[in-house]
Amino acid sequence: MSASLLEARAVAKHFGGVTALRDVSLSIRHGEIYGLIGPNGAGKTTFFNCLTGLYVPDGGGFTFAGAPLLADAPHQAAERGIARTFQNIRLFANMTALENVMVGRHVRTRVGVLGAMLQTAATKAEEAAIRQRAIDLLHYVRIEDRADDLAKNLSYGDQRRLEIARALATEPKLLCLDEPAAGMNATETEELRDLIEGIRRDGTTILLIEHDVKLVMGLCDRVAVLDYGVLVIEDVPSVVQKDQRVIEAYLGA
Amino acid sequence: MMKWLSPRSALGITLITVALLALPFVAAMGGQAWVRILNFAILYVFLALGLNIVVGFAGLLDLGYIAFYAVGAYTWALLASPHFGVHLPIWVILPIGAALACLAGVVLGSPTLKLRGDYLAIVTLGFGEIVRIFLNNLNAPFNVTNGPQGITLIDPVKFGDFSFSGTTQIFGVALSGPQKYYYLLVALAILIIIINLRLQHSRIGRAWQAIREDEIAAKAVGINTRDLKLLAFAMGASFGGIAGGIFSAMQGFVSPESFSLIESIMILAMVVLGGMGHIPGVILGAVLLSVLPEVLRYAVGPVQTAIFGKVLIDPESLRMLIFGLALVLVMRFKPAGLWPSPERKRELTEPAR
Numbered sequence: 102m103s104a105s106l107l108e109a110r111a112v113a114k115h116f117g118g119v120t121a122l123r124d125v126s127l128s129i130r131h132g133e134i135y136g137l138i139g140p141n142g143a144g145k146t147t148f149f150n151c152l153t154g155l156y157v158p159d160g161g162g163f164t165f166a167g168a169p170l171l172a173d174a175p176h177q178a179a180e181r182g183i184a185r186t187f188q189n190i191r192l193f194a195n196m197t198a199l200e201n202v203m204v205g206r207h208v209r210t211r212v213g214v215l216g217a218m219l220q221t222a223a224t225k226a227e228e229a230a231i232r233q234r235a236i237d238l239l240h241y242v243r244i245e246d247r248a249d250d251l252a253k254n255l256s257y258g259d260q261r262r263l264e265i266a267r268a269l270a271t272e273p274k275l276l277c278l279d280e281p282a283a284g285m286n287a288t289e290t291e292e293l294r295d296l297i298e299g300i301r302r303d304g305t306t307i308l309l310i311e312h313d314v315k316l317v318m319g320l321c322d323r324v325a326v327l328d329y330g331v332l333v334i335e336d337v338p339s340v341v342q343k344d345q346r347v348i349e350a351y352l353g354a
Numbered sequence: 039m040m041k042w043l044s045p046r047s048a049l050g051i052t053l054i055t056v057a058l059l060a061l062p063f064v065a066a067m068g069g070q071a072w073v074r075i076l077n078f079a080i081l082y083v084f085l086a087l088g089l090n091i092v093v094g095f096a097g098l099l100d101l102g103y104i105a106f107y108a109v110g111a112y113t114w115a116l117l118a119s120p121h122f123g124v125h126l127p128i129w130v131i132l133p134i135g136a137a138l139a140c141l142a143g144v145v146l147g148s149p150t151l152k153l154r155g156d157y158l159a160i161v162t163l164g165f166g167e168i169v170r171i172f173l174n175n176l177n178a179p180f181n182v183t184n185g186p187q188g189i190t191l192i193d194p195v196k197f198g199d200f201s202f203s204g205t206t207q208i209f210g211v212a213l214s215g216p217q218k219y220y221y222l223l224v225a226l227a228i229l230i231i232i233i234n235l236r237l238q239h240s241r242i243g244r245a246w247q248a249i250r251e252d253e254i255a256a257k258a259v260g261i262n263t264r265d266l267k268l269l270a271f272a273m274g275a276s277f278g279g280i281a282g283g284i285f286s287a288m289q290g291f292v293s294p295e296s297f298s299l300i301e302s303i304m305i306l307a308m309v310v311l312g313g314m315g316h317i318p319g320v321i322l323g324a325v326l327l328s329v330l331p332e333v334l335r336y337a338v339g340p341v342q343t344a345i346f347g348k349v350l351i352d353p354e355s356l357r358m359l360i361f362g363l364a365l366v367l368v369m370r371f372k373p374a375g376l377w378p379s380p381e382r383k384r385e386l387t388e389p390a391r
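Just so you know, the sequences run in chain order A and B.
Each residue of the first sequence is one higher than the last, beginning at 102 in my numbering.
Each residue of the second sequence is one higher than the last, beginning at 39 in my numbering.
Where hints are given, some of them may not hold.
[As the list claims (entries may be wrong)] Keeping only pairs whose Cα atoms sit at most 30 Å apart, straight-line, the calculated DSSO-like set for lysine-lysine is:
(1) A:K274 to A:K225
(2) B:K152 to A:K253
(3) A:K253 to B:K372
(4) A:K253 to A:K274
(5) A:K225 to A:K253
(6) A:K274 to A:K315
Don't read these hints as lab results, they were simulated from the structure.
Could you build the full structure based on these sequences and the hints that come with them?
Following this line, the structure appears as structure tokens:
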């Protein structure tokens, strides 16, 4: 299967007179770690928000796993298999870590109001499965000992991990991480890198926005560079690193 | 579920059951008026738990909740009174009332749920008033609601030949109408408490809580926030509709003035004062706020006479004054409510890290 998992075609987005994305086209292949980098304000997060349905693009669109993605339908993006984390962590602060991950199972479970009211055998079985899966995921990101703590009381690094666990709970085909290493120290970044590689090994394709160029270059199979909303280059890290336009974009020449 | 069987719980349940069974007889010693006050307290528990789904679980501020109560009440009134000459049985009317209230909830919800916080509150407030004004004016060109005069001679709740109005002898015990309604209301209240508890600890309840916490994150994990908010609205409205039907039958009379804005605010106050989203707290809030004003009504006059020898301040005004002061004090010293859920308490007292 060499076909791409995600295909972005000429995605454009303006905010008033500001062009955040100018006809960005890129493709992400199955099973790769794809890095999206660029200076502050280059439009990386805007691209993410368009992809996950939080923004409606002004032009272009996405094809995901062979079918077009509907604009303006974040919950459908998750249902199709796109999960994300946020640059400024967005957890359900007053729910426990376990509950946060359990909420992530929502889209893959079915029990409705009637089932909940009647507490049928199927309801109980599903609830038990949700809980078990959530516990497993907390183990996976290694914060199982914080399961019953409120999300807001977790350390910064653990909150990042929890957000990833919650995203994984939706069983994504594509996991989009928005600056997961922001604010992390060297050790934490190293652990994060192991986690991301593990997730990829387990079969999930990863789209990574990151500022830490060292992390991106070491981790990603391919990298795209955005500058002022324009896709500068899309290639393997070794080529991107040497590209004159990229160097200029970063050094502000 | 196993913990239900522990001796301590069993004892607790037995004591509560005995207390609930004996309460209408104790209240009757002070006159049937007290049994009616008790009934209204339970009716308010019912309403507050219905509103708690919308406000407490899903975090949507609804200031027009009484409209759904009105829909249920008028459904019963129109389908079981001489007004149209229709007299349908309870198992027909109550579901119709609940369904119509649910429909009203969806009609209100679908265009407005994109609004947040204060804006949603204003729209729902307007909706509540629209319903009341409709009821007030729907006596022309066709007389549907009989306008401000309201509808009288509404049928009581009846199961076959067993009517809930008038006194009956059961096993040699004389039960008055209000006392019979009391037992019916307690049964219904227990049902809605169970439904609330089960919903809260389900996939749906978690999704509601997630929406309340962070709507964007909820969307990002695949929660269809619009549908779930509508669901909360519809469910809350249905419970309001059922409560309205019982109210109508119990009173035998409905008029638009029972469904004013202040009623919506009172029910909201019960939810907030008791402890939003926490079922025992909401029940406490509803009982306190419905019984306390009545107690004050009876106490304020005699107390003044005893102290000053005459009534200085009109009991009605003083009652509301004390009531208002109590609300302010509770919100000042217990901002999470009188009996908040442990999580909510932490939420409001512990600073976020």
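Cross-check of the supplied hints:
1. A:K274 to A:K225: Between K274 (chain A) and K225 (chain A) the Cα gap is close to 28 Å, so the pair holds against 30 Å.
2. B:K152 to A:K253: Given that 30 Å is the threshold and the Cα spacing comes to 27 Å, the pair holds.
3. A:K253 to B:K372: Status holds; Cα separation ~22 Å.
4. A:K253 to A:K274: Holds, at roughly 28 Å.
5. A:K225 to A:K253: Roughly 29 Å separates the two Cα atoms, so the pair holds.
6. A:K274 to A:K315: The hint holds at about 25 Å.
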